[in-house]
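Work out the full structure, taking the sequences as your base and the hints as a guide.
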Amino acid sequence: MRIDDTKQELVKVKGLRKYFPIVGILNRTIGFVRAVDGVDLSIQTGETFGLVGESGSGKSTIGRCIARLLDPTEGQIFFHGKEISSLPLGCLRRNMQVIFQDPLSSLNPRMTVLDIVGEPLQIHKIASRQEIRSRVSSLLLRVGLDSSLLDRFPHELSGGQAQRVGIARALAVSPRFLIADEPVSALDVSVQAQILNLLVDLQKELGLTYLFISHDLGVVKYLSQRVAVTYLGKIVELGDPEKLFWNPRHPYTQALLSAVPSIEPRKDEARILLRGEIPSSVRVPTGCRFHTRCPSKIGSVCEEVEPVLTEVECGWQVACHLCLDP
Amino acid sequence: MTVLGFLRDRASQSIRLIGHNKVALTGTIIIVGILLMILLADVIAPYDPEKQFTRLVPPCSEYLLGTDRLGRDVTSRLIYGGRASLMVAVVSVTIAMAVGVPIGLISGYFGKTLDNVLMRIMDVIFSLPALLLAITIVAILGPGLLNAAVAVGVSYVPRFARITRGPVMSVKERPYVEAARAIGASSRRIVFKYVLPNASSPIIIQTTLALSSAILAEAAISYLGLGVQPPTPSWGSMLNEAKLYLFIAPWLSISPGIAIVFTVLGLNLLGDGLRDVFDPRLRRRL
Amino acid sequence: MSLLEIADLKVYYFGREGIVRAVDGVSLELKPGSSLGVLGESGCGKSTLGLSILGLVPDPGKIVDGKILFEGNDIVGMSGEELRSIRGSRMSMVFQQPMTSLNPVLTVQDQIAEALIAHKDMPKAEALQHAVELMKTVGIPDAGDKARQYPHQLSGGMQQRVVIAMALACNPSIVIADEPTSALDVTVQAQILGLMKTMRKEYNLSLFLISHNLGVLVELSDEIAVMYAGQIVEIGPTHLMLKQPAHPYTSALMRSTITLSSVRGRLSPVEGMPPNLACLPEGCRFYPRCSDARPLCSQNNPALEIFGERHWVRCFHAH
Chain A
1 MRIDDTKQEL VKVKGLRKYF PIVGILNRTI GFVRAVDGVD LSIQTGETFG LVGESGSGKS
61 TIGRCIARLL DPTEGQIFFH GKEISSLPLG CLRRNMQVIF QDPLSSLNPR MTVLDIVGEP
121 LQIHKIASRQ EIRSRVSSLL LRVGLDSSLL DRFPHELSGG QAQRVGIARA LAVSPRFLIA
181 DEPVSALDVS VQAQILNLLV DLQKELGLTY LFISHDLGVV KYLSQRVAVT YLGKIVELGD
241 PEKLFWNPRH PYTQALLSAV PSIEPRKDEA RILLRGEIPS SVRVPTGCRF HTRCPSKIGS
301 VCEEVEPVLT EVECGWQVAC HLCLDP
Chain B
327 MTVLGFLRDR ASQSIRLIGH NKVALTGTII IVGILLMILL ADVIAPYDPE KQFTRLVPPC
387 SEYLLGTDRL GRDVTSRLIY GGRASLMVAV VSVTIAMAVG VPIGLISGYF GKTLDNVLMR
447 IMDVIFSLPA LLLAITIVAI LGPGLLNAAV AVGVSYVPRF ARITRGPVMS VKERPYVEAA
507 RAIGASSRRI VFKYVLPNAS SPIIIQTTLA LSSAILAEAA ISYLGLGVQP PTPSWGSMLN
567 EAKLYLFIAP WLSISPGIAI VFTVLGLNLL GDGLRDVFDP RLRRRL
Chain C
613 MSLLEIADLK VYYFGREGIV RAVDGVSLEL KPGSSLGVLG ESGCGKSTLG LSILGLVPDP
673 GKIVDGKILF EGNDIVGMSG EELRSIRGSR MSMVFQQPMT SLNPVLTVQD QIAEALIAHK
733 DMPKAEALQH AVELMKTVGI PDAGDKARQY PHQLSGGMQQ RVVIAMALAC NPSIVIADEP
793 TSALDVTVQA QILGLMKTMR KEYNLSLFLI SHNLGVLVEL SDEIAVMYAG QIVEIGPTHL
853 MLKQPAHPYT SALMRSTITL SSVRGRLSPV EGMPPNLACL PEGCRFYPRC SDARPLCSQN
913 NPALEIFGER HWVRCFHAH
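Residue numbers (our numbering), protein chains in the order written: chain A, 1 to 326; chain B, 327 to 612; chain C, 613 to 931.
Simulated from the structure, these hints should not be mistaken for lab results. A few of these clues could be false.
[What the hints assert, rightly or not] 25 Å max Cα-Cα, derived SDA-like pairs, lysine to any residue:
no., chain 1, residue 1, chain 2, residue 2
1, B, Lys498, A, Asp216
2, C, Lys622, C, Glu641
3, B, Lys438, A, Asp216
4, C, Lys758, A, Ile22
5, C, Lys809, A, Leu26
6, A, Lys125, B, Ala511
7, B, Lys377, A, Ala127
8, B, Lys498, A, Ile25
9, B, Lys438, A, Leu26
Structural data, given as structure tokens:
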């Protein structure tokens, strides 16, 4: 499938829902974990789209549905205009790849670096057996690794090296779209910076589009042109991180930003501490999901009516009754 | 990549690695020693194992390990007996592995209904007393060493299925398996290249344990007259015969006993060593 | 008088590959009521440091040299029984993963009460009651009901609160926390940090905090010590360290830490990797990665020297 670079929208998600059944005795379904509960978004070619949230937000699940590692319960996902469920899997995998969170556990401990990075080349028959070694070497070089690592096993690599191997593996098929699921969360600070630099360089060099999933607001803001903040399976705010993180409109985004421990002297506002805990995704609150903890709750409308994600400014959407004041 | 080339490459690598691992090396030496002894039985054994001499002679210069209740030379019977015991052990465990491991793999990887059905079948076999099962099978197939081996093998299938299924179920949830799906690997590739190698340690250990207990199982079956047919010797049957003469002729139980212990030790060491040899994490840089 | 004084501590692991010098000559001081943060990345030895204060260095590690004076008594060389009488009562700990610090088969109430029964000889009924009070203090809602629950029934934040309640049960003088919030969500982390600040004031605690997250340390510590390759390379009051990091590693760390106000552009990460603690180089341990390196640095390892008020650096060229 050739990617037409003039086409703007690379990925489109419509009405995505993913529920995981909870099975009781005698295999009867007694409930659902509503991991993703109605998400729409679109990712433009060449951009880095950030997806932020805490546990239970559904951000990883969204990534996995787009990567077709999970099948959606409802909704449609389009890649380059075509529904991904209608595309042959091999074709999809050649255009879309994933970088995982913990590099050391996403590499098969029984395979060498050469095997690991060469695997996609073998599966998709991109290179012949003789070519694999040289192809893998040049991939390693591109991610900043020496070919002396070819015969090493994952446990013999550092976290940073292992993640670079994971990136090299993802690049082996020359994809256009990369889903990065917390790619630097398990790494040390100094190594994080190295890997982020690498991702930025690769994007420029290869014209990649990224979906960057993370809980780290600073990192997401640093890399992304657009960001979506998720809470309990829905997007609550979406827009340009420069604007959004500077002056957030949704109370959850405000609390999230205020919660980040800062090394700069804090602005004089007191930190916003949310009451309570993140509710369970099984018994989702009625109305706006955030109302149980929201410091800016208006009233019964928050408890009864679910706010719709609405555009409040060009390219900036919020799902909150406060912001939808007529 | 041709299978032969792959095996040759792995074989030479493994041999080098075994050489460096003391445990595996000791185990290998013991087992190789025993195998040699068995293969060269015709050359080494001092007498015909079935020929009868003076009965119940204690160990002396003429009969190194003494003679048994029918006057047969224990040393020769020991050497030839190894054949029967090891043959049953190897054949039965091979059958058990060849059937049990794939069942465990399929069950563990695909889960749900298939898993339920397969495991219930395994439960049924497991719940039958091994000896009863063996007797039934031998009754159908007829007595003899090979049939005894088949019977033991069948009774060990659930063991291998179970010991494979557990690790398979946990390994298939690991991130690197998900990563393999993400790069487009087929189920077959994932099962053989990602899941099985990482779930194999318990299988290797179980193999050595099964080999050891198969030797003893053979003894029980032969005792009932369903396995090795007298006068052919086997360590297990020698042990059983010796039981009656425990106090007046202790040498009759000591020799096959030691032979079994030695073999079991060698097998266990070999198994431990092999497991270490195949685990890249324990491999030191050579 | 210092509450905790560590003098030239050396903790080595004796393994097949050689001797890993996890802690190689660390000296620190903690005054009553103050809090010290140890900042470092993985493999720098900070966790080993925390464990050695508790006398919990795992095999094959051993305290090879140095003193750890707690309330005037040297912990190094104390018998198991003496250590057990200190741990949990005078000195307690909070670790990273609350789920692994808690016993899955005991109710949370029982676990908190255990410390009281063991160290304060409290009768069981009274201990259980006290446990519920402690749970309320650490902000667990519906403490009475939650007391009879098991750890797996609580969320991560609640579990960590239980761990903190256990740590505070016997009114210790010092709490050693190793990455107490790293496994928690950001908003929960903020709650726990707030809790720890409040508890510190209320109980007049000293905190010995270990983390790789500078932001967390800035929030909670009066002083920060930066650890690299088994040694302290810089130590000073928090505000000074932020304004004027003197050691090249500290400034490199701060430069590569992304904050919300980082400007989009190139990060300047520290290239390379930390040294192998089993074969350390001759000179300064940071030399191979230092942008400011000079020939002298490869030959000698600098000592910690005074740089400013209560501010020490281990560098020949601190400026």
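Quiz item: Keeping to a limit of 25 Å between CA atoms, is the pair of lysine 125/A and alanine 511/B held or broken?
Solution: At roughly 12 Å apart (the allowed maximum being 25 Å), alanine 511/B and lysine 125/A satisfy the hint.
Quiz item: When you check the alpha-carbon spacing of lysine 809/C and leucine 26/A, does it fall within 25 Å?
Solution: violated (49 Å)
Quiz item: lysine 498/B and aspartate 216/A: Cα distance at most 25 Å?
Solution: violated (29 Å)
Quiz item: CA of lysine 622/C to CA of glutamate 641/C, is that 25 Å or under?
Solution: Since the Cα atoms of lysine 622/C and glutamate 641/C sit roughly 16 Å apart, the hinted pair holds (cutoff 25 Å).
Practice problem: Sort out whether isoleucine 22/A lies within 25 Å of lysine 758/C, counting only the CA atoms. | Solution: The given pair, whose Cα atoms are some 24 Å apart, holds under the 25 Å limit.
Self-check item: Given pair status - leucine 26/A, lysine 438/B, alpha carbons within 25 Å
Solution: holds (13 Å)
Quiz item: Does lysine 498/B pair with isoleucine 25/A here, judged by a C-alpha cut-off of 25 Å?
Solution: Holds - the C-alpha atoms of isoleucine 25/A and lysine 498/B are around 24 Å apart, at most 25 Å.
Quiz item: Within a Cα-Cα threshold of 25 Å, do lysine 438/B and aspartate 216/A meet the stated pairing?
Solution: Given pair lysine 438/B, aspartate 216/A is violated - Cα atoms ~37 Å apart, limit 25 Å.
Self-check item: Given hint alanine 127/A paired with lysine 377/B - CA-CA distance at most 25 Å
Solution: violated (67 Å)
Taken one by one, the earlier hints fail for this structure at numbers 1, 3, 5, 7, listed in ascending order.
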